[in-house]
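Chains A and B supply the protein sequences, listed in that same order. Heads up: the first sequence begins at 1 in the working numbering, then just goes up one per residue. Heads up: the second sequence begins at 254 in the working numbering, then just goes up one per residue.
Hints should not be assumed to be uniformly reliable.
Calculated cross-link-like contacts (lysine-lysine; reagent style DSSO-like; alpha-carbon spacing at most 30 Å) [as the list claims (entries may be wrong)]:
no.: 1; chain 1: A; residue 1: Lys226; chain 2: B; residue 2: Lys286
no.: 2; chain 1: B; residue 1: Lys341; chain 2: B; residue 2: Lys454
no.: 3; chain 1: A; residue 1: Lys143; chain 2: B; residue 2: Lys341
no.: 4; chain 1: B; residue 1: Lys471; chain 2: B; residue 2: Lys286
If you are wondering where the hints come from, they were derived from the structure by calculation, not from laboratory data.
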Amino acid sequence: MRLFLLFLFSITAFAQQAPELRLPRQSDGHPDLQGVWRNSSIVAAFDIEGQTAVYNEPGGASVIVDPPNGKLPYLPAARQQADYNAAHRQSDPVGFCHMHGVPRVLVPPFPLEIVQDSDYVAILSETEHSVRIIPLDGRPHSKNYSAWAGDSRGRWEGDTLVVDVTDLNGRTWLDQHGDFVDQNEHVVERFSLTAPDTILYEARVEDPTVYSRPWTLRVPLRRQPKNIELIEYDCIEGERDEAHYPGKETKKP
Amino acid sequence: MKRNLILTVRLALAALTALGTMESYAWSENTAKDLRGIWQVENTAGQNLEGARVIIEPRDGKIPYIASALNVREANFANRATADPETKCFQPGVPRATYLSSPFQILQNERAIYILYQDVHAYRIIYLNGTPHNDGLPYAMGDSRGHWEDNTLVADVTSFSDATWLDHYGNFHSDALHVVERYTRSDHNTLTYEATIEDPKVFAQPWKIRMPLRLQTKPGVQIFEDECEEDQQGVRHHVR
């Protein structure tokens with residue numbers, strides 16, 4: 001027993017001696033998340049639960065790390081809605097030029113640029129030219145607000161940027177497979193620079209009217225080369241789209 | 254007596270102004286290149302550029318259209334309720350994005366100036382790193398490359414589509430549009446915006462607008478999401 005303890009102690013001592021990871025930092029001491037980033041895994045854009053390869057779609061593992069089985073903990077009625085959505089993938093709001101919502105906007109392999117100072121972190125996405133402006137000054141969430149990208153408030157917990165997202169409008173999907181949330185969605189995101197060129201992105205999603213428990217997805221964002229620039233992404237339907245007004249979407253029959 | 258009264262009022266105004274300046278952080282040469290903040294115009298140029306008295310060249314305040322383009326402007330004006338690209342949820346274009354009736358936020362770092370407009374969540378990245386234009390592409394918001402001339406940010410904007418207008422009154426441009434913008438933080442609360450607009454397919458000569466943008470200082474002010482969707486009549490709605 002004593003030997004085992006000694007063994008543990010030496011591991012701890014070794015860990016303490018290990019050279020600290022040298023991360024880019026801003027003048028205020030926080031990790032510098034600025035740059036152009038991209039999740040290079042494609043499969044989660046199709047199905048965050050992972051899928052086997054089918055024609056025109058890659059296969060791969062689930063990006064859901066909790067629950068450990070990688071499956072979304074749907075309530076029974078919500079499971080039915082998700083299955084219905086999966087059979088009607090043409091109803092994907094992104095197909096109607098809408099914003100991806102949170103956490104979906106971080107998942108597909110589109111580049112995004114993070115701009116950061118002591119007061120704000122902004123996430124500019126190429127897709128749908130969507131922007132999230134995240135104040136870091138501790139102000140409260142907006143009142144009586146509802147938005148595709150929600151209302152984000154950020155804070156630093158050690159070297160991790162934690163973003164609390166409320167006021168999501170509940171019209172967004174999580175992937176092309178019809179996995180979805182409703183207006184009770186609440187997301188807590190964690191951005192951790194685990195290496196100079198990697199942000200580990202984690203989103204804990206709770207939505208008590210859709211899921212029986214909170215769940216968490218995790219994807220690595222890779223830094224893109226310095227010469228990569230976001231280019232203008234303009235989604236134009238060309239046709240009128242009254243059918244997709246709020247309240248008029250195709251819901252489960 | 255009357256003169257004394259005017260003098261008193263002036264002194265009082267000066268004192269108030271001084272007080273206002275003291276409350277905000279000290280503006281200095283060092284902070285003049287800090288354009289960060291939430292800004293908005295106080296004019297109606299987005300509706301009617303010529304009526305807002307912001308055209309400083311030519312001196313008559315009129316947009317110098319070539320003859321054939323004037324007809325297009327008139328047709329645009331007549332059909333503006335549905336023909337204005339803004340009503341179709343298109344991105345507002347440049348320079349119109351600057352003088353809409355909604356605010357925008359500027360962030361900046363060494364690489365670029367980032368302008369995040371509230372209107373249809375359009376954004377622009379004005380690169381400061383000496384990189385060349387992406388030329389010949391049909392961007393609604395153009396391709397912007399900037400540099401500093403003293404304390405003025407000069408942005409050269411090319412690569413436009415012809416899908417945006419300059420105001421709701423039907424003033425327009427072609428894909429040959431070229432805009433040179435100048436942003437100067439003339440005091441803590443004021444960003445002076447100037448744009449030279451040239452487009453040989455539409456205008457007989459370059460013309461210039463100038464207007465002040467005001468820093469939005471209300472506590473908790475933020476850019477809200479403006480997601481847009483058009484209805485059966487092609488008229489925009491904001492959807493939440």
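Verification of the hints:
Among the hinted pairs, Lys226/A with Lys286/B is consistent with the structure: their alpha-carbon atoms are about 24 Å apart, no more than 30 Å. At most 30 Å may separate the alpha-carbon atoms for a hinted pair to count; Lys341/B and Lys454/B meet this at roughly 24 Å. Straight-line distance between C-alpha atoms of Lys143/A and Lys341/B comes to about 29 Å, which keeps the hinted pair within the 30 Å bound. A threshold of 30 Å between alpha carbons decides the hint, and for Lys471/B with Lys286/B the separation of about 22 Å falls inside it, so the pair holds.
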